Amino acid sequence: VMAFEAQHIGLLNSNKLQLDAASEGHTGLVDSEKSPYHQDAFIILEWIFGSVFIVELVIRVIGLQWAFVQDVWNWVDATLVLAWLVCNLDIIDLPMNPMILRLPRLCRLVRLA
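The letter at position 41 of the sequence shown is residue 268 when you use this note's numbering, and the numbering goes up by one with no holes.
Everything labelled a hint here was simulated from the structure, so no lab data went into it. In this text the structure is predicted, and so the values were computed from the model without any measurement. Check each hint, because a few of them may be wrong.
Said to hold, decoys possible - Estimated spans, in silico, between C-beta atoms of each pair: (1) 286 to 244: 13 to 21 angstroms; (2) 337 to 232: 17 to 25 angstroms; (3) 267 to 230: 15 to 23 angstroms; (4) 234 to 331: 19 to 27 angstroms; (5) 230 to 316: 18 to 26 angstroms; (6) 298 to 244: 41 to 49 angstroms; (7) 297 to 232: 32 to 40 angstroms; (8) 270 to 296: 13 to 21 angstroms; (9) 234 to 295: 31 to 39 angstroms; (10) 296 to 267: 32 to 40 angstroms; (11) 295 to 333: 15 to 23 angstroms; (12) 241 to 300: 19 to 27 angstroms.
Even for Gly, the Cβ is constructed at its ideal location relative to N, Cα and C.
Make a model of the complete structure from these sequences and hints.
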């Protein structure tokens, strides 16, 4: 979802800069007025996935109990979910982009592969 959102934002920015996307192999520029629902779709998908991660974290806390606290990766996941929740509920303004915090999760996936 993040990759699609990044692509969409890039196409919108190229439209603002009057760049020719056809020369890059794209069929045409994306116009935010012609596609006003893309941003809403990304927001809805972000909330769906965020909610799933919250439910997963709660299930792990209930299932693992004390063992949850002993695993470092559970702390990483809990920090990511908490940062996502704080940013999306506008509780505080984090000094950095919370997307950066997802890098440890990606490293974990690479380690498992």
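Here's how the hints hold up against the structure:
The hinted range of 13 to 21 angstroms is not satisfied by residue 286 and residue 244, whose Cβ atoms lie roughly 45 angstroms apart. Hint check: residue 337 to residue 232, Cβ distance near 22 angstroms, so the stated range 17 to 25 angstroms holds. For the pair residue 267 and residue 230, the beta carbons lie near 18 angstroms from each other, so the given range of 15 to 23 angstroms is met. As the Cβ distance of residue 234 to residue 331 is approximately 24 angstroms, the hint placing it in 19 to 27 angstroms holds.
In this structure, residue 230 and residue 316 meet the distance hint of 18 to 26 angstroms, their C-beta atoms being roughly 25 angstroms apart. Take residue 298 and residue 244: their Cβ atoms lie about 46 angstroms apart, and the range 41 to 49 angstroms holds. Residue 297 and residue 232 have their C-beta atoms about 35 angstroms apart, which keeps the hinted 32 to 40 angstroms range intact. At about 33 angstroms, the CB distance of residue 270 to residue 296 disagrees with the hint of 13 to 21 angstroms.
In this structure the supplied range 31 to 39 angstroms holds for residue 234 paired with residue 295, their Cβ-Cβ distance being about 36 angstroms. Hint check: residue 296 to residue 267, Cβ distance near 38 angstroms, so the stated range 32 to 40 angstroms holds. Between residue 295 and residue 333 the beta carbons are some 22 angstroms apart, a value that agrees with the proposed interval 15 to 23 angstroms. For the pair residue 241 and residue 300, the supplied restraint of 19 to 27 angstroms is violated, since their beta-carbon distance comes to about 38 angstroms.
Going through the hint list in order, the structure does not satisfy hints 1, 8 and 12.
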